[in-house]
Structure formats: C-alpha cells, structure tokens
Amino acid sequence: MSGKGGERGERKMETGIAAVEKVGGRSTVTRCFSKYPLKLIVPNKVGSSKTDAVWIYTLSYGGGIVSVYKSVDSKCSEQVLEARIGRNALLAVIPDPVTCFSTARYSQKQVFRVFSDSNLVIVDWITSGRHESGEKWEFELYRSTNQIFLEEDQPLFLDSVLLEQASTCSIAERMQEYHVIAMVIILGPMLKHVQNQVQDEVKKMMSRHFRVPTPTAGHYMRSESQSGPTRPALVASCSAFGPQAIGVVVRIAAVTTESVYMFLRHHLATLEPFLGVIPYG
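Just so we're aligned: the sequence shown equals residues 1 to 281 in this note's numbering.
Incorrect hints may have been included.
Stated by the list, open to error - Using 30 Å as the maximum straight-line C-alpha spacing, the simulated DSSO-like pairs for lysine-lysine come out as follows:
#: 1; residue 1: K22; residue 2: K35
#: 2; residue 1: K75; residue 2: K50
#: 3; residue 1: K204; residue 2: K22
#: 4; residue 1: K192; residue 2: K136
#: 5; residue 1: K50; residue 2: K39
#: 6; residue 1: K109; residue 2: K50
#: 7; residue 1: K35; residue 2: K109
#: 8; residue 1: K192; residue 2: K203
#: 9; residue 1: K75; residue 2: K39
#: 10; residue 1: K136; residue 2: K75
#: 11; residue 1: K22; residue 2: K50
#: 12; residue 1: K192; residue 2: K204
#: 13; residue 1: K109; residue 2: K136
#: 14; residue 1: K192; residue 2: K109
#: 15; residue 1: K45; residue 2: K35
#: 16; residue 1: K45; residue 2: K75
#: 17; residue 1: K192; residue 2: K45
#: 18; residue 1: K50; residue 2: K192
#: 19; residue 1: K75; residue 2: K109
#: 20; residue 1: K109; residue 2: K22
No lab work stands behind these hints, which were simulated from the structure alone.
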C-alpha cells in the first residue's frame, strides 16, 4: 500500500507494505512495513482461532489525513491502495466511511490485480460530513477510483465517483436528503453464494418501493401514499460484471449512516466463516 499527501507529483508522504502468505498451512503476515504518518497494525487474534484469516488495520496519526481537515491553497490530499490477490485467496477491504471536513479536497485510488479464481470484497463509502458541527456536503471535492484488473492487466472493473462543488449547483442540492453513498463489490467463485444472496435480497427490498411493470405500464412507478410519492430512506441497486458474471457491484444511497451499517452487517454476515467475525458487527 502507498499514499501521497498534497498535490500530484509531490514526494510521497506515507508508505506501507504488507504481504500475507501460507506458512505451515496457515495465512501468515510475512512482511509488514509502514512509516509516519501511516501505521499498519496486525492484531494477534480476531474472531475464532479456527478461522484462517489475517486482519490488518490501517491507521493514520492524528485521526485522519491532515489536508482532509482543511484544504490549503486548493491542494488535494491523496491516498492510494494497491493490492494483488493470489489464486484461491480472499481480500476484504471493509473500512469505516470517509468523512470529509468542510472545504476539504480528497482523492483516493484503489487498484486490485486478481486471477480468475481470486476473491475480493470492497466497501467504499462516504458520509456528508460532521453532522454534529452542522457540516453537510460542505467539502470542496471528493474523488474515489476503483480499478480491478484480471490476469495480464485485462480491465475487469473501472469505476470513479466524483463529488465537486459547482457554482450552479452545490453537492448538497444534488444529494437532497441523502447523506451517505456507498459501493460494495463482491468478486470471485468462493463468494458466489454471497453474490446471489445480496442480489435476491436487494431486488426484494426495492420491490417494496417500486411497482413491477405490467403489460399496461411501460415503466417503473414509485409507490405512493395518499399524500403523494415518498422517497425511500435507503436505495440500492445490483448489477453483475465480468466474464460469466464473476462479480457483483451494489450501489447505495441512504439518509443515515446507521442504515448503511445495518445493510452491510446483514448482507456481509455470510463472510463470517472466512473472516472470523461478521463485518460491521
């Protein structure tokens, strides 16, 4: 893993590397290095000892990336994560949401290189800001890029989210009452049952808010009460990608952070046998 602070082209401000390999039949951290202001922590035990999993926490001193708190001279804080997932291996990137302070400019890039039998879970999400301070979508810029490459650098999944203040329409005006956006990627043959389950459950969940089209209706209609249409507190969609639908991406918009925590806790609970604990539990 590596990261940069400040504008592109400036010297690296933080660097870390971690490697996990099979040693004696168990997943083991064979290399772990980080330098200020990044810190990598490998706990001795997380969850059941019967689970063959390694957990690595990424921390930054001071609780965040300095320039994210306040943009100085329009500089942009940048964080980069690069990972290679071996054959029949599983990587789960399951962080808490990014929360940008007012006027912050933040960009993150995550690049994953996989084999056809690699397995990957990515949770990438952001909140509107520090609500206790009255900040709601007041940062200047947020960019998140996720790229997944199959063997020999074949593009498998390329995605970028950009939120930027505009003179004609602010981020808050565009997001309306929604305060969280999230993306979940589930990839690989080991996780096919997880993909199928989340697709089925999201379809059922959203069918409560939208009517299924009939022969006399050529489009979806929002369910309405007597007082008019209501907007769901959480909206989610699913779509498959890659050869033989090797992966699934879930996109979420929600009114509250807690509702997304609950969504992730429920839909990723089946990862417990692989990770030793339920994510976001």
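Problem set entry | Broken hints, by number | Per hint list: 2, 3, 4, 6 and 16 violated.
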